[in-house]
Amino acid sequence: MAGIDVLRFEERDGVLLARVVAERLVDLPILDEFRDQLFAQVSARPKIRLVLDVSSVTYLSSSALGKLVAVYKKVKEGSGTMIVAGLKPALLPVFKVTSLDKVFEFHADPTAAVMDLQRRRF
Amino acid sequence: MAARRLQWSFQESKASAGRLAALAFLAQGTDYRSVASLRPPRCVSVFPWAPPLPEEVLMSRRWASDLAVKQEVIDAVASLLLEGGYLHADDEPMLCICLDEAVANAIRHGNQQVFSKVVEVLVGVDQDRWCVAVGDEGEGFDPNNVPDPTTEHGLLAESGRGIRIMNAWLDQLIYYREGRTIVMARRRADRYSPLAGG
Chain G
44 MAGIDVLRFE
54 ERDGVLLARV
64 VAERLVDLPI
74 LDEFRDQLFA
84 QVSARPKIRL
94 VLDVSSVTYL
104 SSSALGKLVA
114 VYKKVKEGSG
124 TMIVAGLKPA
134 LLPVFKVTSL
144 DKVFEFHADP
154 TAAVMDLQRR
164 RF
Chain H
18 MAARRLQWSF
28 QESKASAGRL
38 AALAFLAQGT
48 DYRSVASLRP
58 PRCVSVFPWA
68 PPLPEEVLMS
78 RRWASDLAVK
88 QEVIDAVASL
98 LLEGGYLHAD
108 DEPMLCICLD
118 EAVANAIRHG
128 NQQVFSKVVE
138 VLVGVDQDRW
148 CVAVGDEGEG
158 FDPNNVPDPT
168 TEHGLLAESG
178 RGIRIMNAWL
188 DQLIYYREGR
198 TIVMARRRAD
208 RYSPLAGG
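Sequence order for the protein chains is G and H. According to our numbering, the stretch in the first sequence is residues 44 to 165, in order. According to our numbering, the stretch in the second sequence is residues 18 to 215, in order.
For the record, the hints were derived by calculation from the structure and aren't laboratory data. Just so it is clear, the structure is predicted and the values come from calculations on it, not from any experiment.
What the simulated footprint calls covered on chain H by chain G, stretch by stretch (three residues with Cβ under 8 Å from a Cβ of chain G suffice, anywhere in the stretch; the number is not a length):
| no. | segment |
| --- | --- |
| 1 | 110-118 |
| 2 | 168-178 |
Examples of chain G residues toward chain H, derived with CB under 8 Å:
| no. | residue |
| --- | --- |
| 3 | Ser104 |
| 4 | Leu108 |
| 5 | Val112 |
| 6 | Lys116 |
| 7 | Pro136 |
| 8 | Val137 |
| 9 | Ser142 |
Beyond 12 Å from chain G on every Cβ pair, some chain H residues (computed):
| no. | residue |
| --- | --- |
| 10 | Leu70 |
| 11 | Leu75 |
| 12 | Met76 |
| 13 | Arg78 |
| 14 | Trp80 |
| 15 | Ser96 |
| 16 | Leu97 |
| 17 | Gly102 |
| 18 | Tyr103 |
| 19 | Ser133 |
| 20 | Asp159 |
Using N, Cα and C, we set each Cβ at its ideal position, and we do this for glycine too.
Using the sequences and the accompanying hints, generate a full structural model.
And the structure:
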């Protein structure tokens, strides 16, 4: 969908850094765009190494968690790796109570997460 | 006509003193200071009648069933609780998440986004807690039938986490009117010490 600014992508030496620019990941048009843009990137890159920078996100809905899960599954289908980086501490309970903290890999700092993935051997 | 249908509104609870007393008892049985912010989810309760009135009603408003006004509802409630000192600023994201779930469900699933149907929001405070009630004009639902998203099967599901999130953060999450009214309550920020209560 044109006109919705949700993500910015940056290639960093084999790692794709996807920055979420929306502050609120709550509304369905934004969430659909979020999923579609990430799906397109994941589909185009087998064994993608993806860092999803959510440091700008102040709150997110349960629907947003669903989209994150959908992207995670897509990444895993392509034997890729995904790190959620920069999550605000206030939002961590949302992942804990839904047990998604056991599904996603988290990193406090997006740049460090990129470097981490660059160092890993796949 | 629409106004008459909204008789779920808290007027109804005034009709029966005994019923109100029983519901008030149910709604006040929590030692808020002993409840941590993050604790194992409890059973979600469902009662057939209207919720009890809080001691002080801060806001009672109706909005059309339009997702475009959802943020307006959330901002109105959040600013009311923050400015009143009833909510810690650190808790605002979790409040907004809970309100988003409740209001979006009322508009989308309850009222099926029929513009003429209204979502009624009541904000009130008691001695120890604030509470927010969100009511719709839909068919209702049984929240206990929502699958557990933390099971092996549910973990990678792409929906169904809203009630789990709300139930974990709130001190009370009670549904009335067969699921058409949700009441969310939590201890007041000005009535407990985070150091003592967690």
